[in-house]
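Novice: Residue numbers (my numbering), protein chains in the order written: chain A, 1 to 370; chain B, 371 to 768.
Mimicking DMTMM-like on lysine to aspartate or glutamate, the simulated pairs with C-alpha atoms at most 25 angstroms apart in a straight line are:
| # | chain 1 | residue 1 | chain 2 | residue 2 |
| --- | --- | --- | --- | --- |
| 1 | A | Lys347 | B | Glu410 |
| 2 | A | Lys60 | A | Asp153 |
| 3 | B | Lys380 | A | Glu171 |
| 4 | A | Lys269 | B | Asp567 |
| 5 | A | Lys347 | B | Asp408 |
Hints are computed from structural coordinates only; laboratory data are not their basis.
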Amino acid sequence: MIDNPVWIVPQSIIILAIAILVGTMLPGFERKIQARIQQRIGPPILTPGFWTLFKFAYKKKVSPNSLMPGLYVSLPPISISLLLIILLFTSPPFMALFPRERVVSNIPTVFSPIAWYTVLGWSSVIAVVGLLKVEELMYVFMGSLSHSVLSLDMPIPDLASGAKVAGFRREYMEQQSAVRAFKMIGVGSFPIYIALIVPFTLAKSVFVVDLVRLQNPGWFASGSFALSLASLPQRPNILTFPGAIAAIAYFIGFMMLLSEKPFSILKAKMDVIEGPMLEYGAIYRSFVYLLRESVMFVLASVFVTFFIGIPLDPFQPLLLAIHLLLVFLFIAFEAVMAAFSPILTFKQIYPFSFTMSAMAMFALLLAAVM
Amino acid sequence: MAEEVKVVEKEIPIGLVHPALLEPFRIRFFVSDEIVKDCEITLNPAHRGIERLMEGKPYEKASVIVEKICGICSSSHLWSSVKMVEMGLKIHVPERAQYIRTIVQELQRTTSHLIFLGHAMEVVGHETFAMRAFLLREMFMDLLYYISGSRVHPTAQILGGVRPRCDIPPSLGKVILETVDRAEDAIAKYVERLLADPLVMSRVTGVGILDYNTAMRLHAVGPTGRASGVKFDWRKDPVQNPAYKPFDFNMVVLDWCDTKARVATRALEIFEQFKILRQAVKNMPDGPVIDRTWRMGRMDFSHGYLEAPRGEVYHSTSLDDHGLVRNYKIRTPSCTNLPSMEEACIGDHLTDAVLTIASCDPCLSCTNRFTVVDLRRDKTRVMTGVEIIGKYGRRRTR
Chain A
1 MIDNPVWIVP QSIIILAIAI LVGTMLPGFE RKIQARIQQR IGPPILTPGF WTLFKFAYKK
61 KVSPNSLMPG LYVSLPPISI SLLLIILLFT SPPFMALFPR ERVVSNIPTV FSPIAWYTVL
121 GWSSVIAVVG LLKVEELMYV FMGSLSHSVL SLDMPIPDLA SGAKVAGFRR EYMEQQSAVR
181 AFKMIGVGSF PIYIALIVPF TLAKSVFVVD LVRLQNPGWF ASGSFALSLA SLPQRPNILT
241 FPGAIAAIAY FIGFMMLLSE KPFSILKAKM DVIEGPMLEY GAIYRSFVYL LRESVMFVLA
301 SVFVTFFIGI PLDPFQPLLL AIHLLLVFLF IAFEAVMAAF SPILTFKQIY PFSFTMSAMA
361 MFALLLAAVM
Chain B
371 MAEEVKVVEK EIPIGLVHPA LLEPFRIRFF VSDEIVKDCE ITLNPAHRGI ERLMEGKPYE
431 KASVIVEKIC GICSSSHLWS SVKMVEMGLK IHVPERAQYI RTIVQELQRT TSHLIFLGHA
491 MEVVGHETFA MRAFLLREMF MDLLYYISGS RVHPTAQILG GVRPRCDIPP SLGKVILETV
551 DRAEDAIAKY VERLLADPLV MSRVTGVGIL DYNTAMRLHA VGPTGRASGV KFDWRKDPVQ
611 NPAYKPFDFN MVVLDWCDTK ARVATRALEI FEQFKILRQA VKNMPDGPVI DRTWRMGRMD
671 FSHGYLEAPR GEVYHSTSLD DHGLVRNYKI RTPSCTNLPS MEEACIGDHL TDAVLTIASC
731 DPCLSCTNRF TVVDLRRDKT RVMTGVEIIG KYGRRRTR
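Could you put together the complete structure from these sequences and hints?
Specialist: Structure below.
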């Protein structure tokens, strides 16, 4: 029974359900905070993230104006899947596959010691970084494939005699955002990837389970459904010097990956509007919103697991509540920063990213010698 | 000699429908990577034919249409138009009416500058500063409502004075003064925070350069010109605008020549407007607000210049023997600022270029009357910036 890999299925479903349900609240929470800062009431918490999904899902389907519409509409679901896989890799059902100190007294079958780890061995920083990179690449594809009516297809006699037209290659504005997405892969995402490596360097392991065990040995010792404070982290990475620096770099990198202000040049409203996501309508738009919610929840959850040492364990209610609270707190920081920031151009993003990367590298070196 | 070929990587068209553009127009950016090498603004879709609508109408009816040219500077258009006819027909305007006209105009200029700040911050991407500016604007929208019964179109100015319903009793004057006091503190804090914000300043400093010589050559008007060191303000002209003669205020002229300067000029002008408002309310003379002794009749070509929130607004017309409008012509400030906008954004990052255009505060639906349609050849043609200036611009040679 304990070794039955089938148990991994309900475990995964529970984790994904929590992620999606909580994730749908995050945009509303973010908008509410920003609205309060701006002396507005703001929308109800569930409207921007939860009800919006249904609103768009029930709209009449509109085929996107794209070179490859089928591929274009399938990119957000693929990205969502990648993100949710990252979440599963960093959550206890997968980490608990290690048959180590974990005491499984209450519900032993829930924490099956086999399955994914033994099959893939992916519950590590390599998987997280690799999948995030693929997720980032999706925006380049989206931007390249999108041909919005708001750009070149708008009928306007701007090619009249006297117009400056001859000899220029005309491009859809989304293609510009694809170029920006590519630049962000090259430059913008450096801080988060370096920052991700720091906690693993402190743990001297590439596996998530070792990282959590270093910060939170009590959690390994406690049983499921335990309400004891002993399962709280004893040595969170964020309280170490390199960990704290890496946490800041991670947060900045998170903003960059989320394409949130001040790093939302990818979808800067004033020129490329929604950028790669411009052509998604109806149910495809729902997936775009769900993608953003997934990025928010997964990266916030990964932060709590990697830097604070509280994994997303659905079988420990106290730990789960604290984990979700910290996720909301993380998003609150993001909302405040976005509310007080303009959109930066690459002129500012390059030095900013360089500084953050340098900070993260410094933290990495410190972590290596510690 | 072979013609020089401009090599630009690609063209990014923005508009007609676009969240950064408040009105339907088209910006064509010719960019290399992210850097704008050239720019063209096309206005065609917003042509409303207002001048044609007024043709043959009694002036009193035409003046109502004039106010509908713009929703932000409606008072400027109406006052400029009314002033033009008053000058042509030599109609006397009571002094109290001039004061009330000035108050309405300056209140609307304040709302315009605040909406500019809000829009500029929206384009910068700073939602909080944008929302704050819109919130501050509400105080002045309320004042316009108290004075005229309308937030957007006060319709205060009529031939010979102002509408009697727009008279300002002492109690309302007190409300205006209190609101100005309250707003001045709030706006001062806002401007201080805005100009001290390092992230916002990194976006606006040193971008969208429009130097003095270029501004003069391209006939930049209003705060756009004054932000490039052009010392000109129609309110300081006692012949065209005698209503401003009693008031002591400064012309805000900056020589930074960039987007920051254009933002700062408008922000600092708000405080000069408060000076005018305070003086106007405190020193308002008693007496009638309208003189109805005039008689409508033939008027040869007359013209009127006024300093609208965006700069020089020009109205001209003639009236026939029955007082019907003949050949009405309007030139809005955005018209002469168009070439400046196109020029200023060259060399900017693409995202900054949209901001540069927004920082010139374009009001293009009011402007669009420049489509050249050749019916014989069934062709349309876009006028170049120099052509527009040559045909419609008024050189400041004096």
